[in-house]
Amino acid sequence: MVEYLSGNRIQGSSTLTSSPPQTSWKEIDRKKLTSNGDSIDCNGSGSGFPAKDYLMFIYIINRPSSGDQNIRLRFNGDANDNYAESYSLNGGANTTAHSQNNIALHSGVVNENFGVFFVNNVANKEKFCIGEVVGTGTDASSGECSRREQTLKWVNTSDQVTRIELVNTSTGEFETDSELIVLGCDQDEANSGTTYWQELANVTGTASAATLTTGTITAKKFLKFHIFHDEFASGGMRFNQDSSSLYKRRYSANGASDTINNTDTKMSFLYDLADAFTEGYIINIGSRAKLMMFSTCETNNQTGTGNRLYRMEGAIKWHNLSDQITEINLFKGSNFSTAEKMIVWGAD
Amino acid sequence: MVAGWTRLAHTKLGSANATIDTGTFDAKEHLQVIIYTLSASVDHYCYIRYNGDGASNRYTYLKNANGEVPDGSPNLNMPYNDIYVHTRNGFYVMDITNYTGKEKLGIMQNIGGSTGKTNPPARREYVSKWVNTSDQITQITVHQGNGSNTFDADSYITVWGRSDDVTSDEKATLADATATRNSTLTHDGTDITSLTWTELGSSTSDASYVLENSSSDIIDIKNSGNNVSGSFGYATLPSTLSSTAWLMRFKLVFNTVTAESSGGKSFFSAIRITDSGTSGEGVGSEDGFGFWFIADAGSTQTQFRSTTNGSETYTGMSYTPASGNTIYVEISYSSGTATANFYSDSGFSSRVGSTTANATQTGTHTGLKYPQVMLRQDSGGNGVMEMELSELKIYDGNSTLTSVVSTAPPAGTRYEETDTRKIYRREGALTSSDADHSFDFANNTGWTFSDSQTSISSGKFQINKTNGTIDGHRGTYDLGSALSSTFIFRFKANFSTLGLPNNGSNYNLYIGVRSTAGVNTNSNDHCSISFDLQDQQDLKVITSLVGDDQTYGSGDWGDKYPSSGSISEDTDYYCTFIKTSTGFTLQIRSGSHTGTLLHNVDKASSKNPTGLQYVWIGWSNRGSNTGADWVGTLDDFEIYDGVTSLDASWKERGTA
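One line per chain: the protein sequences are A and B, in this order.
Be aware that the first sequence starts at 1, since it is given in the working numbering, and climbs by one per residue.
Be aware that the second sequence starts at 1, since it is given in the working numbering, and climbs by one per residue.
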């Protein structure tokens with residue numbers, strides 16, 4: 001607003017700002033356990049959450065204090081043999097299953113599991129679902145993390161998914177504070193409300209600094225990030241400027257079997273050279289290990305036609321059990337360029 | 001308010017089609033894409049293209065199918081970004097970086113496969129790139145590549161992009177906006193008694209009269225009384241009108257117009273605005289503008305007149321007053337020119353007689369204060385005019401009822417941001433007194449001349465090359481320090497002789513700034529305006545260039561002026577060179593540096609000349625005996641350092 005004052009003076013804010021159209025993912029349901037249990041059921045108020053054309057669900061399952069967990073997924077309470085899946089565990093060979101009563105998201109596990117899945121939710125079509133799961137590993141206090149890549153489908157061709165349920169079928173329980181969050185978005189999602197992912201940082205490299213930092217960001221339970229690297233030789237990422245050996249990485253390069261680095265002082269996402277694009281999701285609870293799933297597309301410093309791409313995917317655990325991530329730094333042996341960027345979104 | 005993700009495009013097929021096309025969407029640096037392809041009966045191959053680019057060698061991708069160890073061979077030089085799935089249905093989630101200047105990198109996951117609970121889904125992971133580094137992705141097309149198969153109806157693609165806050169800068173609005181503004185009605189005679197009238201006659205029983213009729217808000221006029229020397233009725237305005245601009249309007253009804261029946265009888269009724277209510281027709285020496293409605297025998301007509309010191313000039317108007325006519329009359333005066341128009345409607349939108357019933361008269365009259373009715377009829381005349389004048393309105397200070405005005409605050413206005421506490425002040429346009437270096441060539445102090453072909457005399461920089469060599473001949477001036485990366489220099493040039501060379505070559509007279517006072521080195525940085533004489537094409541043109549570590553003639557050249565033909569001799573050309581961060585601009589004007597713009601062309605250039613410390617006017621090393629001739633002068637050479645515009649602007653001036 002502007003005020004016109006006496007003496008040739010105008011007073012006001014320099015810009016008027018408004019949010020961009022709110023037409024992407026929005027939270028439509030969540031369930032958080034207030035005591036140990038064997039089910040986390042997002043079912044709206046009892047008759048289902050709003051039917052949306054796309055769904056994205058995120059969950060964190062806390063490790064059992066005794067026994068183990070079989071984490072199973074069901075849609076709309078359907079416990080019949082209407083599920084099929086294809087998955088790889090820790091970069092191993094593909095495994096398929098069909099005519100299942102539910103979808104196995106991990107079996108016999110004693111750890112914390114962080115999952116992110118996308119669902120195509122057309123009523124008269126089979127429901128396709130793509131996702132990844134990262135676990136802290138069987139020893140929750142240290143050791144390597146695990147990862148699972150998965151596609152699955154629910155063959156129902158009459159209903160949209162309006163209920164998502166995680167069920168434990170083994171001896172342990174889902175511990176308190178385990179949580180399932182469902183996001184939804186229609187193809188013509190209305191410009192109303194507030195989208196789930198809120199931007200926490202958007203930073204660009206400068207030619208005078210060998211560190212690209214978000215600065216202090218608001219602590220959020222879930223983080224999503226995009227990084228564009230340029231000449232990332234000897235580079236890495238650290239949380240809260242922690243350079244101790246608490247980063248545990250598992251990755252597959254160009255589809256090869258997983259490699260494990262269990263005492264890293266930094267997180268790496270590619271072969272030292274760029275241009276490259278890395279994306280990922282992080283669960284960020286202060287008292288628990290921070291888990292990340294990531295993927296990288298890398299030109300390996302060979303831009304232009306005729307040059308191949310490289311690919312990396314993996315999981316990382318930062319075994320800090322006391323702090324939330326409130327700062328993310330990229331660093332390397334030379335100064336960053338203005339082409340290099342890092343954007344972090346967050347949500348609780 | 002924060003940035004977030006926004007849907008950019010969504011396309012769902014209403015019927016089977018081999019293509020799913022987003023259409024054009026806004027360019028965003030981060031994209032998320034979901035694709036869903038359907039086929040009930042046949043397998044499909046999906047290919048993605050960006051911005052319709054289907055040329056070879058444009059895409060590369062690497063794919064892992066169903067967790068194979070390791071990945072399959074990378075696919076190079078493809079005319080498409082293959083997301084091929086040899087199945088009936090597919091669901092794809094893809095993230096893309098979309099930076100200008102960088103290849104577009106994508107990471108995608110896919111599920112697909114035949115329907116039915118006994119068919120486990122396929123699983124694929126992709127990374128891909130589009131090698132285009134000049135554009136951002138603003139269109140995504142999914143093509144079906146298996147023969148003539150198509151995607152089923154309801155297949156779709158949705159694209160989201162990361163969007164910043166939507167912002168609007170109020171400073172820009174304040175600085176540069178315009179608005180349509182109504183002129184102020186300064187003298188409103190709609191209520192006839194609101195003006196002070198000096199009347200002619202005492203009642204409508206008189207032979208002639210100009211009388212207030214307050215009950216009808218009109219001035220009753222009758223001319224039939226043989227007023228040989230003219231009779232006057234007039235109003236006295238509270239103040240005189242501006243000598244710069246005003247607008248007068250009124251309504252005029254002709255109740256009776258009967259012309260003289262005999263020749264030799266002068267008979268007219270005039271309605272004017274004058275500097276004397278009692279002057280006219282040989283009485284006094286008034287100034288003013290007005291209409292003469294004439295009804296002589298056989299010559300009923302209308303004239304628009306300008307009266308200066310009692311003497312009149314006039315222009316005939318294609319309007320014949322007649323009984324029963326009503327016209328709406330307007331005089332628009334601006335800077336010595338008055339334009340008269342008649343309209344048929346009270347909205348003054350429909351001109352009587354189209355474009356013919358108007359006239360223009362000149363005269364810079366001051367002291368206009370009296371709307372006047374003047375009547376004359378020679379003795380023995382028998383003509384009659386009865387009229388009603390009403391709705392007299394005068395807009396002093398404006399020649400039009402509405403005008404487009406700048407809403408920019410005046411220079412010196414202080415703008416204070418309440419959020420950042422920054423203070424801005426609106427600066428006026430830069431003028432000669434603001435130049436960092438200014439040469440009026442009153443003397444030659446500080447100038448160095450290599451020979452007599454350049455000199456300073458008679459208050460101008462003289463250029464006189466009519467024969468002989470031009471082998472590096474020049475005049476130079478050391479500015480003392482180099483200019484910054486952005487600056488403006490400008491000057492006035494006038495050449496009495498511009499002779500083409502006769503040896504088939506082209507030659508340039510350079511006027512500008514250089515990194516050296518010398519000539520023909522291999523490390524010249526320079527920004528110049530060139531007067532170019534071209535024997536090859538028989539052209540005499542003005543051009544411009546920027547060079548960086550180059551010899552004469554090398555660098556990035558701007559467009560020439562004129563684009564065809566030649567510049568004129570004995571003509572003032574006002575030339576301005578603007579060095580910006582992205583290139584340079586050459587402006588050429590006539591009349592003055594704010595005169596008519598003859599040439600205004602930007603030239604993008606990555607040249608980064610540095611060390612520009614010397615004004616350099618002359619010829620680079622091009623041999624001798626060319627036959628080319630330049631005889632003329634330069635004047636008012638000015639340099640403004642650190643700016644790219646001399647226009648008024650907001651400048652940050654600290655914080656509160």
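Since the hints were made in silico from the structure, they are not lab data.
Every residue gets a Cβ at the ideal spot worked out from N, C-alpha and C, and that includes glycine.
One or more of the hints may lead you astray.
Stated by the list, open to error - Just some of the chain A residues that point at chain B, by a computed CB distance under 10 Å:
1) R9
2) S24
3) F49
4) V122
5) E189
6) T195
7) S287
Outcome of the hint check:
| no. | hint | verdict |
| --- | --- | --- |
| 1 | R9 | holds (5 Å) |
| 2 | S24 | holds (4 Å) |
| 3 | F49 | violated (19 Å) |
| 4 | V122 | holds (7 Å) |
| 5 | E189 | holds (6 Å) |
| 6 | T195 | holds (5 Å) |
| 7 | S287 | violated (27 Å) |
This entry does not satisfy hints 3 and 7, going by the numbered hints stated previously.
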